[in-house]
Amino acid sequence: MVVMKLKKKELLKFGITLTCVVSLLLLLYKQYNWDTLYDVPNLEKVINDIQHKRFSHVNPLNELSEKHIYKINPAKSISKTTDRDSLQLIFIVKSYILNFGQRIAIRRTWGGRTSLRSKTVFIVGYLDGTDDLIKQESRHYKDIVQLNVADQYENVVYKTIYSLLWLSHGNTDAEFIHFVDDDRLVNPINIYDFATNNIDSADLVMVGYKLEAVRPSRNKSSKTYLSSEEYSFSFFPPYIIGGTILTNIKTVRILAIAITFLKVIPIEDAYIGIVAKSVNIKLKHHYRFLPFKQSPFTLWNTASSPGYETTYSLLRDWNLIRAMNS
Numbered sequence: 003m004v005v006m007k008l009k010k011k012e013l014l015k016f017g018i019t020l021t022c023v024v025s026l027l028l029l030l031y032k033q034y035n036w037d038t039l040y041d042v043p044n045l046e047k048v049i050n051d052i053q054h055k056r057f058s059h060v061n062p063l064n065e066l067s068e069k070h071i072y073k074i075n076p077a078k079s080i081s082k083t084t085d086r087d088s089l090q091l092i093f094i095v096k097s098y099i100l101n102f103g104q105r106i107a108i109r110r111t112w113g114g115r116t117s118l119r120s121k122t123v124f125i126v127g128y129l130d131g132t133d134d135l136i137k138q139e140s141r142h143y144k145d146i147v148q149l150n151v152a153d154q155y156e157n158v159v160y161k162t163i164y165s166l167l168w169l170s171h172g173n174t175d176a177e178f179i180h181f182v183d184d185d186r187l188v189n190p191i192n193i194y195d196f197a198t199n200n201i202d203s204a205d206l207v208m209v210g211y212k213l214e215a216v217r218p219s220r221n222k223s224s225k226t227y228l229s230s231e232e233y234s235f236s237f238f239p240p241y242i243i244g245g246t247i248l249t250n251i252k253t254v255r256i257l258a259i260a261i262t263f264l265k266v267i268p269i270e271d272a273y274i275g276i277v278a279k280s281v282n283i284k285l286k287h288h289y290r291f292l293p294f295k296q297s298p299f300t301l302w303n304t305a306s307s308p309g310y311e312t313t314y315s316l317l318r319d320w321n322l323i324r325a326m327n328s
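Numbering (the working numbering), first residue to last: 3 to 328.
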């Protein structure tokens with residue numbers, strides 16, 4: 003009788019434990035099975051149909067028309083001034099429209115002073131009262147893509163989205179693409195070396211500083227706030243920090259199709275991580291794509307570093323890199 007009671011207790015204990023384990027696994031499945039995030043049946047097949055047949059029976063979720071989105075588009079100027087087929091590297095710089103000094107400093111340093119066959123293009127938004135200034139800058143440098151969207155934080159994701167569309171629709175055949183913020187110092191030679199050593203033209207891959215198990219902010223006072231209606235999961239899929247992402251044109255073209263089928267959220271790098279996850283793009287971590295500023299004396303060995311909000315600091319440390327490399 004005592005033995006029977008012990009067995010019942012053990013069975014009850016086992017049943018409770020099993021129930022807890024199953025519940026936990028179901029919870030984890032819900033929170034980590036991002037494949038269920040959006041109702042897109044076999045997105046890879048949809049993309050393949052669009053690439054090869056120019057058609058899919060699945061209707062896109064997002065109407066990302068380019069017809070009226072570009073206030074300034076330098077595509078024709080680029081094709082006249084650059085042998086696009088020979089480009090090794092193109093820098094897509096997400097820039098705040100009022101950062102005129104930053105753009106000049108970038109042109110005078112890593113964005114224009116390199117032995118590589120490269121091109122730098124700045125993506126800006128729209129701000130009332132700046133039309134004449136940005137048009138003058140565009141006429142002089144012919145490297146500005148201006149979007150007809152307000153230049154504010156929640157629209158940064160659209161700078162990346164329309165950069166992907168702009169690139170994929172024939173505006174470059176560069177070997178490699180580097181998406182970068184305008185507050186970063188970039189070492190172009192290192193970027194190109196990292197690209198040739200880590201990315202093949204046939205790869206679907208993005209290289210940079212990878213984050214994992216990042217939670218969406220539910221703090222309404224945070225600029226990165228996301229409601230559970232916008233994003234119901236407790237974690238984001240792994241993603242590369244948006245300030246510096248290195249990839250190839252094949253990956254860009256796949257992303258450009260996929261974004262039309264996946265609900266946009268205003269957290270740019272997390273959104274690109276979601277899109278990458280949905281089409282099995284590999285994310286490759288590299289510690290030299292710095293997430294924070296380090297000593298200038300380490301810059302010769304890095305790919306890019308943040309923390310360059312002033313023209314002076316960018317010019318100073320660029321000259322330091324050149325001195326260390328000479």
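You may find that some hints are simply not true.
No more than 30 Å apart at the CA atoms, straight line, and that leaves these computed lysine-lysine pairs for DSS-like [stated by the list, open to error]:
| # | residue 1 | residue 2 |
| --- | --- | --- |
| 1 | K222 | K55 |
| 2 | K222 | K252 |
| 3 | K225 | K55 |
| 4 | K73 | K252 |
| 5 | K252 | K212 |
| 6 | K286 | K265 |
| 7 | K222 | K137 |
| 8 | K284 | K295 |
| 9 | K47 | K225 |
| 10 | K222 | K265 |
| 11 | K286 | K69 |
| 12 | K55 | K252 |
| 13 | K212 | K265 |
| 14 | K265 | K252 |
| 15 | K295 | K47 |
| 16 | K47 | K222 |
| 17 | K69 | K252 |
| 18 | K47 | K73 |
| 19 | K73 | K265 |
| 20 | K212 | K137 |
| 21 | K295 | K222 |
| 22 | K252 | K284 |
| 23 | K225 | K279 |
| 24 | K47 | K137 |
| 25 | K295 | K55 |
| 26 | K286 | K225 |
| 27 | K252 | K144 |
| 28 | K137 | K55 |
| 29 | K284 | K265 |
| 30 | K212 | K222 |
| 31 | K222 | K144 |
Have a look at the derived ranges for each label pair, beta carbon to beta carbon [what the hints assert, rightly or not]:
| # | residue 1 | residue 2 | range |
| --- | --- | --- | --- |
| 32 | D205 | H171 | 35 to 43 Å |
| 33 | N303 | K69 | 41 to 49 Å |
| 34 | K295 | R109 | 27 to 35 Å |
| 35 | T226 | N150 | 19 to 27 Å |
| 36 | N50 | N221 | 26 to 34 Å |
Source of the hints: derived by calculation from the structure; they are not laboratory data.
In this text, a Cβ means the ideal position worked out from N, Cα and C, and glycines have one as well.
- Query: Given the proposed pairing of K286 with K69, does the C-alpha separation stay at or below 30 Å?
  - Reply: violated (34 Å)
- Query: For the pair supplied as a hint, K212 and K265, is the alpha-carbon distance within the 30 Å limit?
  - Reply: The given pair, whose Cα atoms are some 22 Å apart, holds under the 30 Å limit.
- Keeping to a limit of 30 Å between CA atoms, is the pair of K286 and K225 held or broken? The given pair, whose Cα atoms are some 27 Å apart, holds under the 30 Å limit.
- Proposed proximity, K265 with K284 (alpha carbon, max 30 Å): holds (21 Å)
- Message: Checking one constraint from the list: CA of K212 to CA of K137, max 30 Å. Satisfied?
- Response: violated (36 Å)
- Task: Could you grab the alpha-carbon distance between K73 and K252 and see if it respects the 30 Å cut-off?
- Result: Given pair K73, K252 holds - Cα atoms ~27 Å apart, limit 30 Å.
- Query: Are the Cα positions of K212 and K222 separated by 30 Å at most?
  - Reply: Satisfied, since the Cα-Cα distance of roughly 26 Å is no more than 30 Å.
- Message: Please verify whether K252 and K284 have alpha carbons no more than 30 Å apart.
- Response: holds (13 Å)
- Message: Quick check: does the Cβ-Cβ distance between K295 and R109 fall within 27 to 35 Å?
- Response: violated (22 Å)
- Would you check the hint for K47 and K73, treating anything up to 30 Å between C-alpha atoms as holding? Since the Cα atoms of K47 and K73 sit roughly 34 Å apart, the hinted pair is violated (cutoff 30 Å).
- For the pair we were handed, K222 and K144, check the Cα-Cα distance against 30 Å. violated (40 Å)
- Item | Restraint check for K222 with K265, where alpha carbons must lie at most 30 Å apart | holds (21 Å)
Checked against the numbered hints above, the structure breaks hints 1, 2, 3, 7, 9, 11, 15, 16, 18, 20, 24, 25, 28, 31, 32, 34 and 36 and satisfies the rest.
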